[in-house]
Amino acid sequence: MILASQVWTQIFWTSAISGGLLAGVPLMFTALGESISERAGVLNIGLEGMMLAGAYCGFLGAYYLDTQWLGYLTGIAAGMLASTIMVVLCVWLGLDQIVVGIAITLGGEGITSVLYQTRFSSAQPRLGNVSPNSIPLLDRVPVLGKGINGEFPLFSQPLVVYLGLAFAVLLGWIFRSTNIGLNLRAAGEKPEALDAAGVSVVATRSYAVLATGALAGLGGAYLSIAVTGGFQPFLTQGQGFMAIVIAMLARGRPVAVVIFSLMFGIALSLSTLLGIAGINLAPEVVNMIPFAAIILALILFARRAYLPPALALPYVRGAR
Amino acid sequence: MTTDTAAREGPVAAPRRRPARSIRAERILDVVIRSIVPVVLALVAGGILLLALGRNPLTFYGNIWTGGVAAGAWQDSAIRMAPFLLIATGLVLIFRANIWNLGYNGQFLLAAAVVAGYAPHLVNEVPPWVAFVVLFLVAGTVAALWTLVPALLKAHYGTNEIITTLMMSFIAIDLASILIKGPFHDSTTPLPQTAVIPFDKMLPSIPGTRIHIGLLVAFAAVLVVHYLLTRTAWGLRLQVMGANPRAARHFGIDLPRLIVASFLASGFLVGLAAAADILGLWGYIRTGWNPAYGDTIIPFVFLARLNALAVVPFVAFFSVLSTGGDLAAQQANLPTDFLYVLVGLILLFMTVIEYLGRQRELGASYLTPGLKRALRVPRLRREKAT
Numbered sequence: 149m150i151l152a153s154q155v156w157t158q159i160f161w162t163s164a165i166s167g168g169l170l171a172g173v174p175l176m177f178t179a180l181g182e183s184i185s186e187r188a189g190v191l192n193i194g195l196e197g198m199m200l201a202g203a204y205c206g207f208l209g210a211y212y213l214d215t216q217w218l219g220y221l222t223g224i225a226a227g228m229l230a231s232t233i234m235v236v237l238c239v240w241l242g243l244d245q246i247v248v249g250i251a252i253t254l255g256g257e258g259i260t261s262v263l264y265q266t267r268f269s270s271a272q273p274r275l276g277n278v279s280p281n282s283i284p285l286l287d288r289v290p291v292l293g294k295g296i297n298g299e300f301p302l303f304s305q306p307l308v309v310y311l312g313l314a315f316a317v318l319l320g321w322i323f324r325s326t327n328i329g330l331n332l333r334a335a336g337e338k339p340e341a342l343d344a345a346g347v348s349v350v351a352t353r354s355y356a357v358l359a360t361g362a363l364a365g366l367g368g369a370y371l372s373i374a375v376t377g378g379f380q381p382f383l384t385q386g387q388g389f390m391a392i393v394i395a396m397l398a399r400g401r402p403v404a405v406v407i408f409s410l411m412f413g414i415a416l417s418l419s420t421l422l423g424i425a426g427i428n429l430a431p432e433v434v435n436m437i438p439f440a441a442i443i444l445a446l447i448l449f450a451r452r453a454y455l456p457p458a459l460a461l462p463y464v465r466g467a468r
Numbered sequence: 210m211t212t213d214t215a216a217r218e219g220p221v222a223a224p225r226r227r228p229a230r231s232i233r234a235e236r237i238l239d240v241v242i243r244s245i246v247p248v249v250l251a252l253v254a255g256g257i258l259l260l261a262l263g264r265n266p267l268t269f270y271g272n273i274w275t276g277g278v279a280a281g282a283w284q285d286s287a288i289r290m291a292p293f294l295l296i297a298t299g300l301v302l303i304f305r306a307n308i309w310n311l312g313y314n315g316q317f318l319l320a321a322a323v324v325a326g327y328a329p330h331l332v333n334e335v336p337p338w339v340a341f342v343v344l345f346l347v348a349g350t351v352a353a354l355w356t357l358v359p360a361l362l363k364a365h366y367g368t369n370e371i372i373t374t375l376m377m378s379f380i381a382i383d384l385a386s387i388l389i390k391g392p393f394h395d396s397t398t399p400l401p402q403t404a405v406i407p408f409d410k411m412l413p414s415i416p417g418t419r420i421h422i423g424l425l426v427a428f429a430a431v432l433v434v435h436y437l438l439t440r441t442a443w444g445l446r447l448q449v450m451g452a453n454p455r456a457a458r459h460f461g462i463d464l465p466r467l468i469v470a471s472f473l474a475s476g477f478l479v480g481l482a483a484a485a486d487i488l489g490l491w492g493y494i495r496t497g498w499n500p501a502y503g504d505t506i507i508p509f510v511f512l513a514r515l516n517a518l519a520v521v522p523f524v525a526f527f528s529v530l531s532t533g534g535d536l537a538a539q540q541a542n543l544p545t546d547f548l549y550v551l552v553g554l555i556l557l558f559m560t561v562i563e564y565l566g567r568q569r570e571l572g573a574s575y576l577t578p579g580l581k582r583a584l585r586v587p588r589l590r591r592e593k594a595t
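Protein sequence lines correspond, in order, to chains H and B. Start counting the first sequence at 149; every next residue gets the next number (the working numbering). Start counting the second sequence at 210; every next residue gets the next number (the working numbering).
If you're looking for bench data, these hints aren't it; they were derived computationally from the structure. Certain hints may be false.
Unchecked claim - Here are a few chain B residues that face chain H, going by a calculated C-beta distance under 10 Å:
id, residue
1, L250
2, L252
3, L262
4, T268
5, W283
6, P359
7, L362
8, T373
9, L384
10, G492
11, R495
12, T505
13, L551
14, M559
15, T560
Stated by the list, open to error - Okay, the calculated bits of chain H under chain B, using three or more residues with CB under 8 Å as the criterion:
id, stretch
16, 207 to 219
17, 228 to 241
18, 353 to 367
19, 391 to 400
As the structure is a computational prediction, the values presented were derived from the model and not from experiment. The beta carbon of each residue, even a glycine, is placed where N, CA and C say it ideally should be.
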């Protein structure tokens with residue numbers, strides 16, 4: 149290979165890692181959310197719609213209120229609002245999760261596109277850059293910390309990224325060693341047992357779905373505020389579905405979710421990467437790679453993907 | 210028990226008159242209510258949304274009528290109906306098996322690219338009828354083969370087919386684009402598109418109209434699928450599997466084989482839709498063209514209760530909505546994505562109405578016990594009681 153020498157440069161690897169982090173963080177938030185609701189037995193196909201709602205409202209918040217933090221908050225609120233549809237219809241009334249999920253995705257795509265195009269059709273405003281926060285000591289690490297010529301520094305990320313990583317660790321702890329985590333798992337594995345133990349399955353699942361909505365909204369908001377710096381219709385381009393796959397492959401372990409998200413983030417930012425390495429591929433081929441990677445991963449690890457037995461089944465007390 | 214009471218009360222009370230409506234009429238009425246009310250509610254909610262956006266909903270829906278039905282526009286709707294109907298039958302078939310083939314967009318586009326790539330040459334070399342039959346079969350086969358990976362994964366490892374079909378769909382959309390730019394590119398133009406099928410070599414119209422015969426293919430497919438599902442052993446096996454896979458295994462049904470077969474059949478029908486649309490309407494394909502017909506067809510497949518015959522009126526309705534919706538959205542200065550909102554609303558209202566209907570059938574209230582208690586007894590009093 150002629151290009152081999154260009155692939156093994158520092159700039160390639162630092163930009164691979166930080167580019168993967170940038171593109172992977174929205175996936176990470178959303179997939180963490182999905183792993184919560186999957187553990188609790190709710191398959192959230194509406195993730196794409198919730199992400200778009202978060203992305204649009206997060207953009208609105210950051211644009212009009214002028215701070216990224218309020219943007220993230222409005223994004224979270226929008227995601228939670230979208231997920232209340234799922235809570236009421238799927239968890240309380242026990243309606244089909246897949247049909248409602250498709251409805252949320254379609255509705256989310258439609259409404260964000262309509263609202264954006266009626267409000268900003270000609271202007272297409274952009275948001276300012278998000279100022280990163282450096283980690284005091286690590287940012288002095290030679291290559292990874294400083295980046296090449298000040299670009300792609302790994303240890304200088306928006307604060308919300310650090311919070312997200314910390315949250316992933318926290319979530320792992322919650323799943324593993326708290327009562328909340330036990331309840332969540334029981335709601336997905338054997339809801340009857342949870343009910344018999346005196347804990348409401350419906351309430352447990354409701355909180356789980358709300359948390360999913362909040363995280364998907366945050367993921368969407370991060371996508372529009374920090375990654376693309378603006379909103380456009382159909383911004384997420386299937387990332388909600390990728391998040392579902394990540395949660396499935398990670399079998400609900402948050403740390404695995406983070407690792408898989410970063411890998412898919414690298415796959416998503418591949419076009420820039422190949423540009424740096426001097427490889428010119430058709431954009432279609434590059435776009436295909438993350439999805440092809442998922443199919444490949446599913447073929448290779450199909451037997452190891454695990455889903456809770458009560459997933460996508462509404463819980464009706466006393467029903468058999 | 211009823212005879213007992215009748216015997217006891219017999220001499221005293223005259224036998225109660227049966228209600229005028231027969232059970233059959235009630236059932237039809239029930240189905241009509243359950244199918245039409247969601248659409249009406251969605252249109253009303255969409256109207257409220259239009260008002261909120263500062264548009265006049267009456268003008269909007271009026272424009273749908275002018276653009277989709279009035280003055281020969283119904284023929285445009287009918288032309289659009291052909292691919293819709295073929296996709297819908299493909300979805301009916303696989304949803305009956307309780308399998309979620311959501312990769313229809315990619316299957317459609319890939320088949321469309323292959324048809325558009327080969328058609329301009331083929332129609333010039335062989336008699337048109339041979340070309341049409343070959344192209345329809347090729348399109349169906351391409352789309353069917355594209356479902357093979359999800360089908361095998363589902364059949365042998367139980368991998369969630371929603372994910373795999375969607376991923377394969379995204380891949381197919383890019384692959385179609387590569388095909389159009391590469392091997393199928395029309396060298397006479399710099400635009401990324403295939404050669405155009407000569408107008409007189411496209412699918413002929415039904416005499417007296419502009420509607421191409423793809424619509425007849427679609428109707429034939431509806432009949433065949435309906436027959437398969439309701440009158441053959443294969444259809445019964447499919448539905449048993451859809452209703453209860455464990456029971457199906459106990460009956461000795463070869464589940465993996467049936468899963469793969471239903472995937473292939475569904476993909477084949479989606480491929481036919483692509484062939485009908487390219488050969489009958491467009492004549493060529495350009496990169497970036499992705500009509501995503503299936504996304505908006507799904508609710509109507511559900512509204513028809515996965516009945517192939519009942520799909521026809523719903524798809525006809527949606528064809529009008531979609532054809533007229535283009536004009537209406539343009540007049541109202543809205544993006545056509547507004548239709549997605551309407552479709553999402555229809556789905557939501559449908560599930561709710563379905564739920565209410567089921568509760569009523571069971572003789573229960575419209576509310577779940579928990580919800581009813583929550584509404585009837587204020588929270589404070591409940592807490593005091595415990």
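Report the numbers of all earlier hints that the structure fails to satisfy, in ascending order. Violated: hints 1, 2, 4, 5, 10, 11, 16, 18.
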